[in-house]
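Trainee: Residue numbers (my numbering), protein chains in the order written: chain V, -16 to 192; chain P, 28 to 299; chain B, 3 to 205.
Source of the hints: derived by calculation from the structure; they are not laboratory data. Using N, Cα and C, we set each Cβ at its ideal position, and we do this for glycine too. Hints may be right or wrong, so weigh each one.
To be verified - If you only want the chain V side, here are some residues facing chain B, beta carbon under 10 angstroms, derived:
id	residue
1	G(-12)
2	L8
3	T15
4	I24
5	V45
6	F95
7	E182
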Amino acid sequence: MRKEGPMIVTVLSSLVVLFSNYFFLGQQWGLTDRLDYWFNISYGIALALGFVNLTIIHWKYVQRRREGWVYSVILLLVMYGYLLLGIVEQHTGPTFSWIYDNMMTVLGAAVFSLLAFLISSAAYRAFRIRTKEATILLVCAIFILLARAPIGDAIWSRWSYWGNEWFMGVLNTAGYRGILLGAYVGAFAVALRILLGLERAHLGGTGTQ
Amino acid sequence: MERLMKIDRRIIYLLGAAIVFLTMLYPLGLPVAISDLARQTYNEVENLPDDAVVILSPMYDSGAMGELNPMFVALFRHCAERGYKIIIVNTQWVQGPQIVHKFATEIAEEYGYVYGEDWINLGSKPGAAIFLQTAVKDFWEACIEDFNGQPVESYPIMQLVPKVTAEYVDACLVLNCGTPGAPEWLAYVCQPEGIKLVIGEIQMSVPESMPYVQSGQYAGMIAGSRGCAEYEQLIGHPGQALKAQDTMSAIALMVTLFIILGNIGYLATRKK
Amino acid sequence: MNISTDPAIWTQAICILAVYTYLYKDNPIWRLAETVYLALATTYWFVFYFFTYIQPAIVDKAIGEGEWHYFLAVILGLMIFFRYIPSVAWLARYPMSFWVGYGTGYILSFEPAVWLTQITSTFLALNSIQNILIFIGVLSTLTYFFFTLAKENPVVGGVAEVGKWYIMIALGSAFGNTVLYRWNLFVARANTLLFDWLGVGQA
Chain V
-16 MRKEGPMIVT
-6 VLSSLVVLFS
4 NYFFLGQQWG
14 LTDRLDYWFN
24 ISYGIALALG
34 FVNLTIIHWK
44 YVQRRREGWV
54 YSVILLLVMY
64 GYLLLGIVEQ
74 HTGPTFSWIY
84 DNMMTVLGAA
94 VFSLLAFLIS
104 SAAYRAFRIR
114 TKEATILLVC
124 AIFILLARAP
134 IGDAIWSRWS
144 YWGNEWFMGV
154 LNTAGYRGIL
164 LGAYVGAFAV
174 ALRILLGLER
184 AHLGGTGTQ
Chain P
28 MERLMKIDRR
38 IIYLLGAAIV
48 FLTMLYPLGL
58 PVAISDLARQ
68 TYNEVENLPD
78 DAVVILSPMY
88 DSGAMGELNP
98 MFVALFRHCA
108 ERGYKIIIVN
118 TQWVQGPQIV
128 HKFATEIAEE
138 YGYVYGEDWI
148 NLGSKPGAAI
158 FLQTAVKDFW
168 EACIEDFNGQ
178 PVESYPIMQL
188 VPKVTAEYVD
198 ACLVLNCGTP
208 GAPEWLAYVC
218 QPEGIKLVIG
228 EIQMSVPESM
238 PYVQSGQYAG
248 MIAGSRGCAE
258 YEQLIGHPGQ
268 ALKAQDTMSA
278 IALMVTLFII
288 LGNIGYLATR
298 KK
Chain B
3 MNISTDPAIW
13 TQAICILAVY
23 TYLYKDNPIW
33 RLAETVYLAL
43 ATTYWFVFYF
53 FTYIQPAIVD
63 KAIGEGEWHY
73 FLAVILGLMI
83 FFRYIPSVAW
93 LARYPMSFWV
103 GYGTGYILSF
113 EPAVWLTQIT
123 STFLALNSIQ
133 NILIFIGVLS
143 TLTYFFFTLA
153 KENPVVGGVA
163 EVGKWYIMIA
173 LGSAFGNTVL
183 YRWNLFVARA
193 NTLLFDWLGV
203 GQA
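Using the sequences plus the hints, can you model the full thing?
Mentor: Below, the structure is given as structure tokens:
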């Protein structure tokens, strides 16, 4: 029951959803109605896994005095301090929200904006017209860069028209659709493998047959 | 020539930051042309029935709020001006509803919108695609409580929407920055139920979303900051996105210049 | 210039500057900011979903309305934590199997409609240059991705080559947009520093 049981659960739950959506009788029975809630609630509970995992990992770092363990102590203190505050005040409480508004969202936004600097420096360093393909990529990148900012139109009044309507709307659309369709076929193939019990990565181990 | 390839990264950083600060202090005032796509998007929202109910889904977190907050403000304002009922809800992007709550509250007050009657913030729900499908079958049961911890069915606005189907919802306006996002709303709600889907997309993912616009699966798209600047002009409320466009112009020039410099250096040294 | 006296704005400014110290080099201030962010973000998830979804499901639905089946969902969710007990760690596979299987069922049920529409939108009437370019672009890009096709064949190879150009155009376009997107995020932070914190341009 250690491998087979979960495998049966995987296949059965897939089949239930398929039956409910593809067959009239399945729709009438509403088999998934209750299971949907089970999914949402059980999944919501499992999101606490990240919290528990982080605690375990950093607690081990502290115990072993690993390099940078002081940050692990800070992490645990902040995590549990904020949790305590959350339990006392709930998520709409004034202090909990204050920390959220003035620290958490700001830190997150600042971290993600760091990439502005890194991507510009990387573009300068790595964007070289070494091959024909790299040249096409570079020319398009510059064309779109200027088309998506008003400066393009200031240089040539039709820049954003050609950039948005033709490059983005036609050539890019065709290229991306090809990429998306490839990805869809891949996702569909993996889904079929799971349904047929061939894909077992979610059960641990190497996972495929 | 080799020097052209070896400019210290910190000089690029400093120059970038200086350009941003300077253009914010001394805007160039370049005009922002309005694209057909922005007009199409505006018309899709503008032409909904007067008593329309829309779902406005902020599917993002703090990482994308720099670009999507102005879109949320523009869309919420546009809907409030038209008098639509607005339901804010998302799935998985737990920060989204809290980030937008203060903007929504401010604009709602401006337009005399009453919480629970004209608009509501249902918060974030776990489950991604499955949550969306649950909402199609039973919206109240799927959401359980709103952002303030009250049962959703206790609000008058929610009496209008027992299910997320075309019968009760006129459009879904999804602000997208990753997975789950607009493609999930499309696959699990809008396409099967025949609900109009208009999205606000971060500039980075605009190319990826263009095929859906061309196919008509997205009825409209606010395409990144530039698209938002165009939309702000269309609704007559210039905001943060429009202000940022001069900076974007200067940055586009700077990055282009550095790429060209690097390549001049590369070509010159390669010939040697 | 009118520097803010609001502690909230000062906190925001300090957080932003702490993160940007990384641009000089990795340093303790950056690591502290990174650690605090990670801790707050992880806890926020937990608290938010607990109070807005899990607790109401248990208290209001299962206990209050007597819908006991909600307890089964709770037990299923809790089973994932068996992974921390080696002797019964295999029990954690059950909820995982349910989620994977259930999600798979939904993908197979709903996703095909989306991409079939993408396919039908490719086969347009070839009466305009745009439509012709889209048609050629999608087919050639897909040809490039068919790794089982013999690319030595001049026709297949030629079509795949065109596909490669289309992919490069798409990626170039993605790059151009990404640069602007990232700088836009910085503009939002610069707004806080310049106008909210330093009060530049304010009386």
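Trainee: Run every hint past the structure and note whether it holds.
Mentor: The hints, checked one at a time:
1. G(-12): This hint holds: G(-12)(V) lies near chain B, its Cβ roughly 7 angstroms from the closest one there, short of 10 angstroms.
2. L8: Status violated, d = 15 angstroms.
3. T15: 8 angstroms, holds
4. I24: Status holds, d = 4 angstroms.
5. V45: Not OK, violated: V45(V) not within 10 angstroms of chain B, min 13 angstroms.
6. F95: Hint on F95(V): holds, closest Cβ of chain B at ~6 angstroms, below 10 angstroms.
7. E182: Status holds, d = 9 angstroms.
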